[in-house]
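**Q** Here are the chains, one letter per residue:
Number of protein chains: 4
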Amino acid sequence: MIIILKQNANPEKVEILKQELEHKGFKLHLSQGTQTSLIGLIGDTTSIHEDWLKAMDVVEDVRRIREPYKKASRSMHPENTVVDVCGQKIGGGHFQVIAGPCSIETREQITQVAEDVKRSGARLLRGGAFKPRTSPYAFQGLHEQGLDLLLEAKKATGLPVVTEIMSAEHLPLFEDVDVIQVGARNMQNFELLKELGKIRKPILLKRGLANTLDELLMSAEYIMAGGNENVILCERGIRTFETSTRNTLDISAIPMLKQKTHLPVIVDPSHASGIRFMVEPLTLAAIAAGADGLMIEVHNDPEKALCDGAQSLTPQMFDTLMKKIQRTVDFFRILD
Amino acid sequence: MIIILKQNANPEKVEILKQELEHKGFKLHLSQGTQTSLIGLIGDTTSIHEDWLKAMDVVEDVRRIREPYKKASRSMHPENTVVDVCGQKIGGGHFQVIAGPCSIETREQITQVAEDVKRSGARLLRGGAFKPRTSPYAFQGLHEQGLDLLLEAKKATGLPVVTEIMSAEHLPLFEDVDVIQVGARNMQNFELLKELGKIRKPILLKRGLANTLDELLMSAEYIMAGGNENVILCERGIRTFETSTRNTLDISAIPMLKQKTHLPVIVDPSHASGIRFMVEPLTLAAIAAGADGLMIEVHNDPEKALCDGAQSLTPQMFDTLMKKIQRTVDFFRILD
Amino acid sequence: MIIILKQNANPEKVEILKQELEHKGFKLHLSQGTQTSLIGLIGDTTSIHEDWLKAMDVVEDVRRIREPYKKASRSMHPENTVVDVCGQKIGGGHFQVIAGPCSIETREQITQVAEDVKRSGARLLRGGAFKPRTSPYAFQGLHEQGLDLLLEAKKATGLPVVTEIMSAEHLPLFEDVDVIQVGARNMQNFELLKELGKIRKPILLKRGLANTLDELLMSAEYIMAGGNENVILCERGIRTFETSTRNTLDISAIPMLKQKTHLPVIVDPSHASGIRFMVEPLTLAAIAAGADGLMIEVHNDPEKALCDGAQSLTPQMFDTLMKKIQRTVDFFRILD
Amino acid sequence: MIIILKQNANPEKVEILKQELEHKGFKLHLSQGTQTSLIGLIGDTTSIHEDWLKAMDVVEDVRRIREPYKKASRSMHPENTVVDVCGQKIGGGHFQVIAGPCSIETREQITQVAEDVKRSGARLLRGGAFKPRTSPYAFQGLHEQGLDLLLEAKKATGLPVVTEIMSAEHLPLFEDVDVIQVGARNMQNFELLKELGKIRKPILLKRGLANTLDELLMSAEYIMAGGNENVILCERGIRTFETSTRNTLDISAIPMLKQKTHLPVIVDPSHASGIRFMVEPLTLAAIAAGADGLMIEVHNDPEKALCDGAQSLTPQMFDTLMKKIQRTVDFFRILD
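Residue numbers (full-length UniProt numbering), protein chains in the order written: chain A, 1 to 336; chain B, 1 to 336; chain C, 1 to 336; chain D, 1 to 336.
Each hint can be trusted.
Since the list can't tell identical chains apart, any single copy or any two copies may satisfy a pair.
Below, simulated SDA-like cross-link-like pairs (lysine to any residue); rule was C-alpha separation at most 25 Å, straight line:
id, residue 1, residue 2
1, Lys27, Phe139
2, Lys24, Arg66
3, Lys18, Thr36
4, Lys70, Phe26
5, Lys70, Asn228
6, Lys24, Thr34
7, Lys27, Val14
Quick caveat, the hints were computed from the structure, so don't treat them as lab data.
Note that this is a predicted model, so its numbers are computed, not measured.
Next comes chain A alone, as it looks inside the complex (with noise of 0.2 Å):
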């Protein structure tokens, strides 16, 4: 970390900074410019907050050298994190498919749905039993009711279920569940972060609409700071100003969050588009860009489906897409 000094900066006030600093045990290397002079921190800065320093009267700005994260640092673990759902590997060449319905809605599509998704090649299935909505008017999920329909999908099916949490209070409905997964709305909930840190269970966390790559492994480093190291990470579209799509999916976060962390990233190409048509090829695109997975929404009848039709995949369009989708992984595999 690189302090950079005000011009008229009080040198008796310099000091105790530089007193200060040494105290808390860094070394301290001093460097006297034209116009500048800076003090680097030499030690682990990881615990040290930019604006603390920016607060000092004598500070005009401050440059982090190194990244504020450690457990999710890939310079700190260099080997690739494979996450181990039920037998099923995620991360470090293990590519894998969840699929199924935005929000679980009966008995009989949460099962059909899964038994579909199975026989295309799905190996984790997916279904909202708590759903964010922006609209207090719109249906807000089956909650409880929800969680257990899913649950029997999964004892039809054999499938290992991933089902997103809204709150830690929750929590204890979620004991069967395999995956829990942190959705984009509460990426910074870190009261709910601190909570999943406390269990052993993999957590899918899903990026912010407004958050930067350093942001989001800043929140999986709530739940691994916390004992829990089992974190996959996901791309879901980010905002900007463009319109004609929902969100903007951030292609480029996947070779640079493979270089900045050893956690597996998969994509959403469904709520990153918003759109049917364009799950298809942004499947592929995540693929070639070397995800190591990808959720897909899946409903047996959008057209009648109580949130998100419009991104939806039919079970006969995902059993096409997941064809293709197995061809690629394999072309990829062997392209390097």
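Dock chains B, C and D against the given chain A, drawing on the hints supplied.
**A** Quick look at chains B, C and D alone, frame taken from chain A:
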């Protein structure tokens, strides 16, 4: 709401859609253009989600004509809402300044700042006990103990207090708090919003970093739909491509919200800029643009602050600023 | 186009508006809702600007139903446009790679790179003579001399050349250039676009950093309205809040543009990321998403490049990448 | 400037880099941390582009310490620049209002508006003859004829005139124009900026829709590096995700630019909002935040305006607003 049909839409499917819409109680208005056929929905479309319609095979696109919120809408409630906090009124011509430290650190700190800001003319005290921090290694607030210290400062000064909640589970701890703040990162923590709709305390709802004004009003609607109409909206800067300020204060949000809603709108110039020297110009601009109040960070020793020191004013700076605030509020009151 | 009238609109003024619209040749379709009255315009609304209507006292808002471009629109021209550059076809199933250095520096450099990229399979040579640089103190390109060197490299290799124009005044210098590029910063330099509409050379039009897809198509429309229908669109990354990549490649732009327009769409992965190691994953993703071509920066000595060395590949890296590109294009050709 | 070396950087290559930097005249300051080695450059780094360094094999990243502009920088020129337009001063405590129609339409229109705004207290007249329009089918301005009409209005009223240039080729037509405006879409039309650096007329430089403040200052630097130091900066709203206003007025830009540069900063509230009722609050906010002037659209018959009628004030509205502007400017002058 206007439904744009696809050019080659199957007439039978269109007929089914029309029947379904009529069944939901809408009157339909059909329009046949040279290239485009439209269906206009006449009736209350608040409960209709565009996505449900966009999922239809025959639908090309949907355009909403009326805003999707009711209770928060000025068109339904032309009169300004005045929120009363222990006798301090906000909105409808009543201007208030909320001041205090980013986070509560010690008894001395919060009580000292409370006395200082009261003397300078603030009518509500802020202070964070639960702090949403990007890094798990940053100071997270004093939690219950912090709330206790805040309530002591309330008792000592008589100032009503405003403090942030991060999880519905903590609600019992907030019984003696006067205004509960929902932070930017929790603006779409819908489970929390629903719980806050069940109580009758004023809620200070901050706009999310990447949320539109309509989304902010939908989050207010969550609280109001539950029965709690004491909502104060707070603009605190949005995330843009500009990096020289921490956030971009959306000053236009003030007049635009005033047109869309009857709820009071306040501004947080401290978080919007993240830099001390910008607090004054943004404060004065917010008053000029018609804000109903301000929320300003004040710390007795910003250089030692555990959080956000770089944007905190000293009590002395705040005192000088309060004099300007009062004169500016008075000036604009008579300008109209 | 749908005009939403104010609730208390003066009936006489509405009548005048209606007559004016009918006078312009539109058929009107009126709709009276419970709260809202609408006027639908039937006819070609391309020449109507929403702002003109929004300025009316009786108008609350305007919603466009049809896209505001004609010649660029796929709904008017369902067949893919194939642009022919000296026999090299782009679009409609024809995939091309344009490669070369960011800027032309010396005869040796451009000729060497031209020979290298030709040997690797590139079919067009790029190289900048006029360089748009943020800083006036940065290398601005060799101008006329650079164009001469580029044309020498063209003669030596037979590769058609692509180079950027920054002002219509320079057009005479571009007589022997095969494809004229309009850079992102000039996407809305309308005077330049109009001049390019008067010639018949293919134009490579890059999307502006903060321009929507509809704006990109309106800029293409400027060129096409002048009579030059040889327009190639190029996605090169947009500006967002994310700072770990130089720009955010909008991969969704490819399928979305393909739906909106018949023009070929290529991708520039070098500028999109700004970082060498990301060029390959973004290249492969672009092919997977359906791009018609790529534009890739190659430099014989990136460490000595006068511009954008950080994102340039060496000829050897490019050769390896071209082999992957060819296999990937072939793979996706048979996947469908 | 700080160069961060890769952990495994080849020592011989690092040595070569160091020699190259010393050869360029920099003194080097080396720092060896636990994980990271840094090279600090001491000297004028304005001419060094980060990308050149990032292209090096041994370089991981680069952090700039000093701003990349010189002539525009306040650190080099602490005194406020005052731009003099025919005796009307802008900057350094001199506040001016520029008013007039979006585009010049007829002799009657421009002369009438000129007389009206002069009577209300505007000291400069604006009016567009060359109009940058997103659509090629929209009114493009009257060009030469428009400039003639503007100059007639100048003669009739004595008001100096401000009008936009869209291409350096048109410069000869602007000989009698008093202030040449560079529009947002041409802020990085570097060929145009260079030409404007060769003349001595004041230039009103508008910030691009997606340009940072540092980029705005680099564009000012282009003009100033050519020798023309009469540059007035104009904030006119930036592009964000918010869609309820046309643009987002970045009010923070005013105090931030004032700190970074000595150039005058004005605000265009008309384009920033795009909506008439928002012009007043944004105008007052701009004054409160410290702007040196305003640019406001006024049209004698907004409902018939060929351009931007929705945001234009009538002369009567403008007259009312000018009274408020004058009182507000006076109020803030004595507030400090």
